[in-house]
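Whenever a hint applies, use it, and build me the whole structure from the sequences.
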Amino acid sequence: MTDAITIPNPVRSALTSHEREGSVIVNLGPSHPATHGTVQIIAELDGERVLRTDVHCGYLHRGFEKECEDHTWHNLIPYCDRLNYCSALINGFAYCDAVEQLMDIEITARCKYLRTLLSEYSRLTDHLTCVAASLMELGAMTAFLYLVMIRDYMYEHLAALTGARVTYSYSRIGGLAEDLPAGWLTRLAEILTEYEDFIGRVHGLIDRNRIFIDRMRNVGVISTADALSWGFTGPILRSTGVPRDLRKDTPYLAYGELDFQVPVGIKGDNYDRYFVRMREMDESVHMIRQLMDMLPDGPINVDDRRCIFPPKTLVYTEIESLINHFKLVMEGPSVPPGDIYTAHEAPNGELGFYIVSVGGGVPHKVHVRSPSFVHMGGVHLMLNGYQLADVVTTFGSVNMIGGECDR
Amino acid sequence: MYGKPLPVVSVSREPAGTFEFITTKKDELVGWARKFSLFPYPFVTACCAMEFMAVSASAYDTDRFGAALPRFSPRQADLLMIVGTVTQKQAPILRKVYEQMCEPKWVMAFGVCATSGGFYQNYASLPGIDKIIPVDIYIPGCPPRPEMVIDGIMKLQEIIAQGKHLILNDKF
Amino acid sequence: MSAQIFSELRDAFSDVDAAVSESRGVFVIALQPSHLITAVERLKSTFAFDIFLDVTAVDWPDRPLRFDVVQHFYSTVHKVRVRIRMCVPEAAPTVPTLRPLYGSAGYMERECHDMYGITFEGNDDLRPILLYEGFEGHPLRKDYPKQLEQPLVPYRF
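Chains A, B and C, in that order, are what the protein sequence lines are.
Those letters in the first sequence? Residues 1 to 407, by the working numbering.
Those letters in the second sequence? Residues 1001 to 1172, by the working numbering.
Those letters in the third sequence? Residues 2001 to 2157, by the working numbering.
Hints were generated in silico from the structure; no laboratory data involved.
These numbers were taken from a predicted model, which means no experiment stands behind them.
All residues carry an ideal CB built from backbone N, CA and C; glycine is no exception.
There may be inaccurate statements among the hints.
Below, a sample of chain B positions facing chain C; criterion: calculated Cβ distance under 10 Å [to be verified]:
{"hint": "1", "residue": "T1087"}
{"hint": "2", "residue": "N1122"}
{"hint": "3", "residue": "P1134"}
In structure tokens:
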């Protein structure tokens, strides 16, 4: 049917020799349900016990940074969504925050609170996806269906706001694309009530389940020193007992005014990571409820013609607005030269954007410090020494998102 | 529904008899069985996975079409769903998985990155999986709404139902 | 609070051949690559910069020292960040590796090598991580055309 072609191997394994007599080297290939798509784990096994692993990522490297150098500052916002696609809004907000700091723009109050609210909402969808997928891989299909049901409500709700379910392109430099439609906050309150119902059921099914505890407790343990040395941030670092959270330590957006706690684990194992995520979701819901009351009225976009499009009525009547609109579309907002590193607390950890501008409408460099990529460097610590079946649970609890890991 | 009547082509041959009646009914029966028992191999890579999870879950259920049970071995699957971007690095893996699947097999390009590369036009991304494997149905969208996916599955079922299934031929 | 730690850092790095500045909340140290290890050891031991966040490079094709290798560190104790910037020429884009000090340097240095061709002296594992075996060139350099594909599987059309 097809001509014979030799299919080359895209990676070179580090496990070139056997460490122990009689060990077997197996490949959990890049097309595998448990590796969440696109990670390859070459493992040396002694029976069922994993001796060494060589983790290969990069199978979803889509050239985000090279694409950014070819698009204007505005036009690359859709690419940002596809980084951590489970919590797409946070990526856009972090990028826009970096560019706004370079341009010395201060966003309006309503935009600040709304971005905080939507960041927490995105954190909910991400943690729901992570917990649902890892529970499904353990065989708890019911919990998966419950969590994806509530996540679906959230997706439809965000589609009412932004127009899309998963990748929104909603944040803008200096503001947001659109303001809230009528009735959005009412529906949000309903969703949060339903969330609590569904999460209560999942807690009841999973938390003290003998099988779940046996599979997750004391599996995939990482110590605090290892976690810090290998660059772990976010829920993985917090599961080892370190209460480090960028929202509390270096508050940005409206986090300084919110009342919330930072859940930490005790042992740094899979069960702790599951529970840290569940508690973080509850804290996010608490924060969203506070923000719904705090949301001020006012404009969404800052009144700065360097980056915000003038209203269409003016574009069609005044020549200055027409030229402004034209320049913003064709050349992009001109960002003063300089470089900046800004980090937000993404659901996976510290999501940083290092942006270099040479003035002009096109970035010179946009680099993403992605938490998943750094975690992949250290995940072998959590895999070595455990059983082969534990690779599934540990990998699920690390929440490697391919778009963010490989960019 | 969606089915357009097939064009009638007059072919000069002997008038259709019992044998042709049996093979046509056999084709319809096998087509019906195959279309309602798809075993997808979800070759999941990127963001479209979120919509794949949503379409497999309770709200938009692929189990209604018999297409819910994923088989993670290419030997046991017949529908290869490529969900998300396939990069140049992943292309050999995709090709290998496709070649390991047995006939009859169908390929679904789920999402615009699998269809044509999406908006990634660079050194890293494969500009559409049909560069390396033949595709039966393309579902555009970034990511496609679950309703679009179901539409795509139903159109694929039409293709399967109307296909010829060569279990018996006139040489037996 | 960050002002205090920044003044301490300024004092500590006043003796080394380094230019220090502060840029948008991040303390920036411009160094020669040969001083990197001592500077990072001092950051880690004295000032508790325990997380090595990121290493990347910036390509300035018109400069004789073509690449800026930029590293970011974070201190969970003081909650501040430090950026170390080194300039290396195209002919010898080498900086010392930080793998003995931080585990996270492994993958990040591999990525920097993949994308820009920066070699990390002392890191023997610079296999391609985001790219694949057989890929020639370093895509994030300004002279690599964005759409230059190097397919592993030949196209059908």
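Quick rundown of the hints versus the structure:
Among the interface hints, the one on T1087/B holds; its C-beta lies about 9 Å from the nearest C-beta in chain C, closer than the 10 Å criterion. Of the supplied interface hints, the one on N1122/B holds, with its beta-carbon coming within about 5 Å of a beta-carbon of chain C, less than 10 Å. Checking P1134/B against chain C: minimum C-beta separation of about 8 Å stays under 10 Å; hint holds.
In this structure, none of the earlier numbered hints is contradicted; all agree with it.
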